[in-house]
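2 protein chains.
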Amino acid sequence: MGEKVAQLKAHLAQPIDLQHAAGLLSWDQEVNMPEKGVNARAEQLSTLSSLAHKMIISDETARLLEAAEEEVADLDYDNDDASLVRVTRREFDKYAKIPNALVIREARARSKSLMTWRKARENDDFESFKPHLAEIVDIAREKAEHLGYEDHPYDPLLQSYEPGMTTAQVAALFKDLKEGLLPIVQKIAEQPEVDDGLFSEQVYPKERQWEFTMLLLRDIGYDFDRGRQDKATHPFTIHFSPTDVRVTTRLLENRPQSSIFSSVHEGGHALYEQGIPLKFMRTTLAGGATLALHESQSRLWENQVGRGLPFWTHYYPILRAFFPEQLGNVGFEEVYRAINKVEPSFIRVEADEVTYNFHIFIRFELEKMLVTGDLAIEDVPDAWNARYEEYLGITPPNDALGCMQDIHWAQSMIGYFPTYALGNLISAQLYDKVQEDIPDIEEGFVRGEFAPLLNWLRDKVHKHGSKFTAPELLQRELDQEISADALLAYMQEKYTKIYDL
Amino acid sequence: MGEKVAQLKAHLAQPIDLQHAAGLLSWDQEVNMPEKGVNARAEQLSTLSSLAHKMIISDETARLLEAAEEEVADLDYDNDDASLVRVTRREFDKYAKIPNALVIREARARSKSLMTWRKARENDDFESFKPHLAEIVDIAREKAEHLGYEDHPYDPLLQSYEPGMTTAQVAALFKDLKEGLLPIVQKIAEQPEVDDGLFSEQVYPKERQWEFTMLLLRDIGYDFDRGRQDKATHPFTIHFSPTDVRVTTRLLENRPQSSIFSSVHEGGHALYEQGIPLKFMRTTLAGGATLALHESQSRLWENQVGRGLPFWTHYYPILRAFFPEQLGNVGFEEVYRAINKVEPSFIRVEADEVTYNFHIFIRFELEKMLVTGDLAIEDVPDAWNARYEEYLGITPPNDALGCMQDIHWAQSMIGYFPTYALGNLISAQLYDKVQEDIPDIEEGFVRGEFAPLLNWLRDKVHKHGSKFTAPELLQRELDQEISADALLAYMQEKYTKIYDL
Chain H
54 MGEKVAQLKA HLAQPIDLQH AAGLLSWDQE VNMPEKGVNA RAEQLSTLSS LAHKMIISDE
114 TARLLEAAEE EVADLDYDND DASLVRVTRR EFDKYAKIPN ALVIREARAR SKSLMTWRKA
174 RENDDFESFK PHLAEIVDIA REKAEHLGYE DHPYDPLLQS YEPGMTTAQV AALFKDLKEG
234 LLPIVQKIAE QPEVDDGLFS EQVYPKERQW EFTMLLLRDI GYDFDRGRQD KATHPFTIHF
294 SPTDVRVTTR LLENRPQSSI FSSVHEGGHA LYEQGIPLKF MRTTLAGGAT LALHESQSRL
354 WENQVGRGLP FWTHYYPILR AFFPEQLGNV GFEEVYRAIN KVEPSFIRVE ADEVTYNFHI
414 FIRFELEKML VTGDLAIEDV PDAWNARYEE YLGITPPNDA LGCMQDIHWA QSMIGYFPTY
474 ALGNLISAQL YDKVQEDIPD IEEGFVRGEF APLLNWLRDK VHKHGSKFTA PELLQRELDQ
534 EISADALLAY MQEKYTKIYD L
Chain Y
54 MGEKVAQLKA HLAQPIDLQH AAGLLSWDQE VNMPEKGVNA RAEQLSTLSS LAHKMIISDE
114 TARLLEAAEE EVADLDYDND DASLVRVTRR EFDKYAKIPN ALVIREARAR SKSLMTWRKA
174 RENDDFESFK PHLAEIVDIA REKAEHLGYE DHPYDPLLQS YEPGMTTAQV AALFKDLKEG
234 LLPIVQKIAE QPEVDDGLFS EQVYPKERQW EFTMLLLRDI GYDFDRGRQD KATHPFTIHF
294 SPTDVRVTTR LLENRPQSSI FSSVHEGGHA LYEQGIPLKF MRTTLAGGAT LALHESQSRL
354 WENQVGRGLP FWTHYYPILR AFFPEQLGNV GFEEVYRAIN KVEPSFIRVE ADEVTYNFHI
414 FIRFELEKML VTGDLAIEDV PDAWNARYEE YLGITPPNDA LGCMQDIHWA QSMIGYFPTY
474 ALGNLISAQL YDKVQEDIPD IEEGFVRGEF APLLNWLRDK VHKHGSKFTA PELLQRELDQ
534 EISADALLAY MQEKYTKIYD L
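Chains as they are written, first to last, in this note's numbering: chain H, 54 to 554; chain Y, 54 to 554.
What the hints contain is simulated information worked out from the structure, not anything from laboratory work. These figures come from a predicted structure and were not determined experimentally. Zero decoy hints are in this set.
Stretches of chain H that chain Y covers, calculated by requiring three or more beta carbons in the stretch to come under 8 Å of a beta carbon on chain Y:
{"#": "1", "segment": "64-70"}
{"#": "2", "segment": "76-89"}
{"#": "3", "segment": "95-102"}
{"#": "4", "segment": "285-296"}
Ideal placement from N, C-alpha and C gives every residue a C-beta, glycine not left out.
The shape of chain H in the complex, shown without the other chains:
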């Protein structure tokens, strides 16, 4: 490593430690913290964020970064140092444009709105959440102004999660995807409804569900010496280093699919983080590259693998052994069809693969309007409900199942949602490619062997850390642009079979 890059790395290790410490405080707030700890925690989080922010945007960083840029000027981004400098520049510019006061304000707003959201959702009380959402939208708009944009104020918010993508590109991809999905949804709607009473009408004890998810995580290659699973309202993955990557899941007695697919989904995120080379520790290259790439990993494990025929050929007898009373008399076909039941619903994380993306389209449209000011906070519930009626033919019976169903707004994560659908597109592109490279890979799934897939993902995606944007990585490893084709072909094939379309 060059001397200047080494100095830059050493200088940034401390703010990166602070960010990971803040991560642990957030994890604890979700998983462990007693209710009344919230105010003190908000102060602590804002101190950590503010100090990290100050250190990252310091004159010293600017100086070291410029020196490092000179040092790597002749190298391309295959080179770790050159990539580190480029990613650091991107992050530096992003942070340097946001005033410290706004960083502190956001950290405080996030802590408090999270606590409020949790109660507001329980009590279906949008009124109490409203001022917090207003504050968060206001912060997002201020951020957009500080970050700057040419085309749309949503661009810089999107790009803070998904560098290299624009609002217009996303809108075009979503248009393709929506047009391809609608006929599938319509055809399925004409078929007889799948009976999934085997799940919803029985009780699956939480303790056994927990054990089953622990087995699944182990099987797909999640390393418990470098992580742990806990329970949380909204499942999430968080890492404090590649050697400490934690997942959470949600246990519902009459919905075992929820814990199963939450755990496999978060497991997919965690495999990515556990696969980041240790050489990147405490640098800006540690961690998965972008949100869409992250989601491509979680969704690939959750859907292409976890909702697939080969996977359930292996796990059906095991699931039945875990729940003999509930599934003793239920055949394989019935379980597989119930798992893949397509039905419009209110909760994104519980949605089937086909209707899932409509949740993203709706949030993307509303977020753009909130940011431009074309939608007032008080009109959010109605706008939300109207779109659910339009796209999915259902109207949320209350705001808890409507505009408050999800944690992201409470977490001040506006601009994040599109990455979910982008991840779906990429997951299908990756899955096509791995089947090309390893034609018998699904036969391995039937035997419970997932290492070949994990190793392939390690090699194509994980090993790069944060070096490349999503479009770059796809170009480099797959020689493709992001497109809706692979996902639509996959949906077409899978659901034609299941629903006999």
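Mind docking chain Y on chain H? Use the hints.
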């Protein structure tokens, strides 16, 4: 509040946040962290400690502190501001004398030795722990040199936990205590051994023990909205604010006393922290005053209350209801005697009230010798075992039950141990006084009423936060000096009855 004091408080709030964040990282390391997270966590802890340290000893602190000192020069320590300035001066001088490099070195050493100690104790492998202990003693000796002393290098180490006390004072108190205890121990040794097979020869399911300890914590007034209980190898209490004070306990199937008295002991610490006035939050006055005062709270709840006749008059039927199979045929007297069985043993935290202090005497003597260099690391196991033989008539069968039985050395806490016995002395002095002030207080315990005691402690001890040293607080509230008399009188009376001496 004066303007200068307000500036000092605002300046120190951030490093105090960092210290509390570091506290959460340590708590997590004990309770949750996956094994391989240790190296990254060590870096994160050292970053937080080092930044907090730098901010506390900055020129800015020195400047603000001097200005604040002028502002409060005419006030006595009843005044919160004057106390805040005094305590800040004490902490500042303590920290300013320790070089930042040593702070970083200690944070790293602590994280790594903790992980090693845990395994070394499991495997009875002192060899693997030895280099870590050597490093920790070396750090303690360097600290003593930096802090400076007149009489004994142990003085500044002791005073970093117990300001206002000297090694010589402690030695004199311990001499009184030892001389008073030895005849009691000897007389008890002449009595027939108490049969505690009702505990040791039965299985008490951990789940039920857990529930019983949760009930006890609630009953004594621990607020679960501002705290939580978890499991840990070595029970401890930690706070991140008066609104987030956490305890841990240890569950052993054939030793329910362990979880019961751990929880009540840690509960006593936690009641102190939860009782700190919110006006002290994010200042140097937040938190209990000194270790001995802290221990006076935990030991008072554990011993004078928790091992007492009135307490068990109330809880005996409840314990029997929790464990009907185990205790259905066991009488009250038998349980009470088993709980108060006096028997020399290897583990301090499991020791009875009478022999407990000998564990402290031994560690105090060894620590003094380690710090002066009169005891080599490799001779620690033999020196340890020889003293257990001399004072308690027993020899540890291995180092896991010998010099590695306790976490404090692994935590780099040399100088801490004497505060345990000092806490015992003070607990007895406080307990005498509360009985004088509220003569029927023990009749309340029989009915499960502990609020009068908690309120008295809130008023005499908790409400002061860190304002006063232990000798000051005793002078102020009890008009007494620290002495062994009250504890010896309590022991004499209680054990004369139990053992019919």
